[in-house]
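Novice: Protein chains in written order, with the numbering used here: chain A, 922 to 1254; chain B, 3 to 135.
Treat the hints loosely; a few may be bogus.
[What the hints assert, rightly or not] Straight-line alpha carbon distances no greater than 27 angstroms define the calculated DSSO-like cross-link-like pairs of lysine-lysine that follow:
(1) A:K1010 / B:K93
(2) A:K1085 / B:K99
(3) B:K93 / A:K1085
(4) A:K971 / B:K93
(5) B:K93 / A:K1242
(6) A:K1085 / B:K130
[To be verified] Negatives, chain A to chain B, calculated, CB over 12 angstroms:
(7) H933
(8) E1003
(9) M1018
(10) A1020
(11) E1021
(12) P1126
(13) V1127
(14) L1155
(15) E1165
(16) D1210
(17) D1229
[Said to hold, decoys possible] Partner residues are not named here, just some residues of chain B that face chain A (Cβ under 7 angstroms, in silico):
(18) G39
(19) T127
(20) L129
(21) P133
Bear in mind the hints are in silico, worked out from the structure with no lab data behind them. All of these numbers come straight from a predicted model, not from anything done at the bench. Glycine residues also receive a C-beta, built at the ideal position from the N, C-alpha and C atoms.
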Amino acid sequence: MTKEFIHVPSAHCETGSVSNLLRSYGLEISEPMIFGLGSGMTFAFLKQIKINGLPLIAYRMPPKMIIKLLSWRIEGLKFHYETFRSADKGMQALDNMLAEDKAVGLQTSVFFLPYFPQAMRFHFNAHNLVAYAKEGDEYLISDPVFSHLVTAKENDLRRARFSKGALAPKGMMYYPSAVPTAIDYERVIPKSIRFMAKMNGRWNPVPISGVNGIRMLAKNINKLGKTDQHYAQLFMGHIVRMQEEIGTGGAGFRFIYAAFLQESANILGSQTLHDCSLQLTQIGDEWRDFAVLCARLSKQRKGQDYPDAAAQLYKIADMEKEFYQRLSHFKIN
Amino acid sequence: MKKEHTPHQPHPMYNGETKGVYTINEEGQYELSRTSGWDPETIALTQALEEIDRLARQALEKVKQGNSSLLEYYMYAQRMDLPMLASAVGKFQWQVKRHFNPARFASLSQAQLETYAAVLGIEVTQLKTLPDD
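If we strip away everything but chain A, and leave its shape as in the complex, we get:
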């Protein structure tokens, strides 16, 4: 039996999976809308957490946070999460769900998924996908970052679901246990927008996140001229990867959020949101320019241009601050 599954490709794995999953459970909601209602956009520069010796730079909320905020905000939407101690039980639970014709979201490690190009297979433990059927020992998978449906052998999927290390998925499986028939957009959109703006803007006391985090990164880039050049080059390349690599929708999630603002503007008929969407698009374009600068610096052996990159970041920080201030008291008129 081959089951039909409507696979809508998306930019980000988590929001894309949830969007496809909810559609199969009868709730039509777009990827940007999920990202927006989950207040997903942020910035964080975590110097202490190292990935391959380089600090973590995040442009979105931590994994799972978006789904949690989403199910808090939308009345009547509940998600069921399950993790497993034993891989056998985890695979059995998955098979049971699929036997009932229910699609489920899974947290996996990219490294063990054979359908990814070899160059992209890193040990990233928080990749989301939707499994919707099983044929023989092959699982049919809707992976939102791919334009087409994919498959994975049982053994590979088992290893991907039970990979170890930071953010270990422990076979995490999730599906909506209650789905509302409609969403009260007039109530939830302003709420989620205000939350996002306050979290990143003036009301944010944390020096490493939001606008403050961007400035801190700029400060660190300024200092790179004095450190080991090999490290500095790696650092610049690392920024580009964190910002643009698969799953960000471009410009470190700024474009997804702009798409959300536009969709919201159309639903609520709000001119403010429409303007803000354009403003964020401009900010996103600045981020893209910043990525170009970083990529150039990552190839330069003697980087004299670090102040340029830092200046670009300070500019972005100012632009984002203005943007957040505009939205932190957003109400529908």
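Given the coordinates of chain A, work out where chain B should sit on it, guided by the hints.
Specialist: Same frame as chain A, but now just chain B:
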């Protein structure tokens, strides 16, 4: 970003896969378009892969000189680093580092070797043999 500015700079390492980016179409509406690659990104990814490759080759040199064990080589070859490997096997970094000693590595039990091989995504026999080239 406008839709017509979507970069199309494919690189063979993507195996022809595309990814989604949100762009503005002719009517001023956001939509998801597909990009086959973008040079700044390709540069960054290539650099990351080259760095891993460099560390792996360095480790292999050390193994051949008898200064390190194959565990260190396969750790890099399988795209991990010490903190990652240590947290994956549930050990402290210094405990894993001890197993970079060839003599200690040679005396590891089958169970320990299996744990390492599993998180690295290889077989125990491979973990104990030098790569071909």
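Novice: Now tell me, hint by hint, if it's right for this structure.
Specialist: Results for each hint:
1. A:K1010 / B:K93: Distance ~25 angstroms between A:K1010 and B:K93 Cα, so the pair holds.
2. A:K1085 / B:K99: Between A:K1085 and B:K99 the Cα gap is close to 18 angstroms, so the pair holds against 27 angstroms.
3. B:K93 / A:K1085: Given that 27 angstroms is the threshold and the Cα spacing comes to 12 angstroms, the pair holds.
4. A:K971 / B:K93: Holds. A:K971 to B:K93 sits at ~17 angstroms (cutoff 27 angstroms).
5. B:K93 / A:K1242: violated (43 angstroms)
6. A:K1085 / B:K130: holds (21 angstroms)
7. H933: violated (9 angstroms)
8. E1003: holds (22 angstroms)
9. M1018: Consistent with the label, A:M1018 stays out of reach of chain B, its closest Cβ about 26 angstroms off (over 12 angstroms).
10. A1020: holds (28 angstroms)
11. E1021: holds (30 angstroms)
12. P1126: holds (29 angstroms)
13. V1127: Since the minimum Cβ distance to chain B is about 24 angstroms, A:V1127 lies beyond 12 angstroms and the statement holds.
14. L1155: Given that some Cβ of chain B is not farther than 12 angstroms from that of A:L1155, nearest at about 6 angstroms, it is violated.
15. E1165: Violated: least Cβ distance 5 angstroms, not greater than 12 angstroms.
16. D1210: violated (10 angstroms)
17. D1229: About 15 angstroms separates A:D1229 from the closest Cβ of chain B, which puts it past 12 angstroms; holds.
18. G39: Cβ of B:G39 sits 11 angstroms from chain A, so the hint is violated.
19. T127: Violated, about 17 angstroms.
20. L129: violated (16 angstroms)
21. P133: violated (16 angstroms)
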